[in-house]
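Peer 1: Here is what each chain is made of, one letter per residue.
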Amino acid sequence: MSDINDRLVAADPATSNPYQARNLDEMISRIIAIPSGAARSTWWQRVQLRVAGALILGSLVGATTFVIVDNGASLPILAIHNLAQHRPPTFGSSDTKQLYEEIDFAPTASLSTSSSSSSSYQLQIPLGGATEAARVASIFGVSGTPHEGSNDWTVTSASGAALDYETTGLPQWYYSSSTPAIAPATALSSTTAAMPSHATLAADAQGYLVKLAYGYGVSSPDYSTSTTSTTTANGAQSSQSQEEVSYVVTVNGLATDQSVSFSVDANNNLVYAQGPAFHVGAGTNYPLQSPVSGVSTLNATERATLPTSAGVSAQGPPIVHATLNSASLSLATYQLKDGTTWLLPLYTYSGSVTQSNGTTSSGTWSELALEPSYVQISASVARGVVNY
Amino acid sequence: MGAPDEDRFARLVHEHAGAVGNYLRRRLYPLSLSDLDDLVEETMIVVWRRIDSVPVDAELPWMLGVARNVLRNARRSKNRRSVFEARLSPASDDSSAEEHVVADDSVRTALASLADDDREILLLNAWDGLDTHALGAYLVVSTNAAAVRLSRAQHRFRELLNEAQVH
Chain E
1 MSDINDRLVA
11 ADPATSNPYQ
21 ARNLDEMISR
31 IIAIPSGAAR
41 STWWQRVQLR
51 VAGALILGSL
61 VGATTFVIVD
71 NGASLPILAI
81 HNLAQHRPPT
91 FGSSDTKQLY
101 EEIDFAPTAS
111 LSTSSSSSSS
121 YQLQIPLGGA
131 TEAARVASIF
141 GVSGTPHEGS
151 NDWTVTSASG
161 AALDYETTGL
171 PQWYYSSSTP
181 AIAPATALSS
191 TTAAMPSHAT
201 LAADAQGYLV
211 KLAYGYGVSS
221 PDYSTSTTST
231 TTANGAQSSQ
241 SQEEVSYVVT
251 VNGLATDQSV
261 SFSVDANNNL
271 VYAQGPAFHV
281 GAGTNYPLQS
291 PVSGVSTLNA
301 TERATLPTSA
311 GVSAQGPPIV
321 HATLNSASLS
331 LATYQLKDGT
341 TWLLPLYTYS
351 GSVTQSNGTT
361 SSGTWSELAL
371 EPSYVQISAS
381 VARGVVNY
Chain V
1 MGAPDEDRFA
11 RLVHEHAGAV
21 GNYLRRRLYP
31 LSLSDLDDLV
41 EETMIVVWRR
51 IDSVPVDAEL
61 PWMLGVARNV
71 LRNARRSKNR
81 RSVFEARLSP
91 ASDDSSAEEH
101 VVADDSVRTA
111 LASLADDDRE
121 ILLLNAWDGL
131 DTHALGAYLV
141 VSTNAAAVRL
151 SRAQHRFREL
161 LNEAQVH
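Protein sequence lines, in the order shown, are assigned to chains E and V. Here the numbering used here is used: the first residue of the first sequence is 1, the next is one more, and so on. Here the numbering used here is used: the first residue of the second sequence is 1, the next is one more, and so on.
None of these hints come from the bench; they were simulated from the model. Just so you know, not all the hints are guaranteed correct.
What the hints assert, rightly or not - What follows is a set of in silico ranges between Cβ atoms, one per label pair, in the way DEER data are often shown:
{"no.": "1", "chain 1": "E", "residue 1": "5", "chain 2": "V", "residue 2": "55", "range": "25 to 35 Å"}
{"no.": "2", "chain 1": "V", "residue 1": "15", "chain 2": "E", "residue 2": "199", "range": "33 to 43 Å"}
{"no.": "3", "chain 1": "E", "residue 1": "21", "chain 2": "V", "residue 2": "143", "range": "27 to 37 Å"}
{"no.": "4", "chain 1": "V", "residue 1": "155", "chain 2": "E", "residue 2": "160", "range": "27 to 37 Å"}
To be verified - Residues on chain V that point at chain E, a partial pick, calculated with CB under 7 Å:
{"no.": "5", "residue": "6"}
{"no.": "6", "residue": "41"}
{"no.": "7", "residue": "54"}
Think of the CB as a built atom: it goes at the ideal place given N, C-alpha and C, for glycine as much as any other residue.
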């Protein structure tokens, strides 16, 4: 078998480009500095940091309770079960933060101390995954019988076009005009063809959104052109340029953490599309904490979710200081303990971080804007760690 | 967690981080190289959490098994479009990475035609250097069973490679 092994070894991508380990001693110190039970995945940490402060939530309290507001009406307390895991937020990254650092957040005078209110929305999910998959598929010209997967329904036409309707969390639909023969495409750097104009693509997108009839709005179009290379079944490479527009999904003018996108080829044929499947009911007006109060909540969740116990190390994690100078309001998807999915108001703060070595950088952090007495969140984090 | 555990963990990292990194590097697609360090550290975090479970006679195969699970989980999380397209692909998401990075057309075609299980054991042997004992530990089968599977995979690969070179 030596001839075959020689061919395989010659094809080994790690032979020409082997893994270069970074500082292993630093990694070892970092890992053993936390109790084994508290060791969280770095992958999870990155997701967690994106929602910053980690409104991250395990199992929660059971029965619905109510808070009586001034006018005598009552509002149900929102018992958050977990973050819907369909996609990371499009806002709210805090890449400036290093793992296992603790951030001390401080508001500037520019942040408002005034409380207000804003609507929260219970989302209406289409009933019947197979029915909805078939409906969306027909809009994109995909005809076939929906086949059930573990968490989705797939409709595939004879031409290879496919529609996947994912049913976990907030349902999402994905359309692809073709089925890759072996591997997904890889991006190339240059465009090889003249592409449809932005106006043409926008009109295409609006046409599909009308047919989908979910009723949500879109804003902030982001256009991009890419050329991809796909490996076919016989090993050949084929290239195709695509023009994509991606929108932020909006509800009553507020941006959400959802997006919808459409890609067309040089001939303006739709090649890919994706988006969420939900309808929005009437909103329920909830009191919000002020942006300044939200900073206090941000600090509280920071203390509650990072491994800061005395047993971690003699000094504890390094503390860095973040100054927050603006806050914007948007809507983020949450799943409640009763199984319903909601869009809840979220503050996204912008500010600067001063590291222990004196260097500064900018960052954004997010925190649920609802007045905390209307929210029940478990202190324990139940997801994110993969058990092997 | 006492010092012996820390010492053993440090030794495992120093001895095997390179092999774990190369294992992930070979199967990274559609993730990017910028994810590689995080995936290695992710694997090592699991090793630390499960330090008492690492078999003394099969440390590397056990760690590669963890790396495999870390990689699968990361792929699911990383890019919805890639995941979607990978799911549509006839080949599984485990196989596409190896096929995609191979430059030798005949080898790539033969690998693409190989069954997932055959491809996995073939490349674990040829690329990751696992012998039949280590393959048995990785696949949780006996050494003899691993030897039989490897031999069968090599035989099938040779046939497919010959076919690919004829066409």
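Peer 1: The structure should be examined with respect to each hint, and the outcome stated for every one.
Peer 2: Here is how each hint holds up against the structure:
no. : hint                      : verdict
1   : E:5 - V:55: 25 to 35 Å    : holds (27 Å)
2   : V:15 - E:199: 33 to 43 Å  : violated (59 Å)
3   : E:21 - V:143: 27 to 37 Å  : holds (30 Å)
4   : V:155 - E:160: 27 to 37 Å : holds (33 Å)
5   : 6                         : holds (5 Å)
6   : 41                        : holds (5 Å)
7   : 54                        : violated (11 Å)
Comparing the model with each numbered hint stated earlier shows that hints 2, 7 do not hold.
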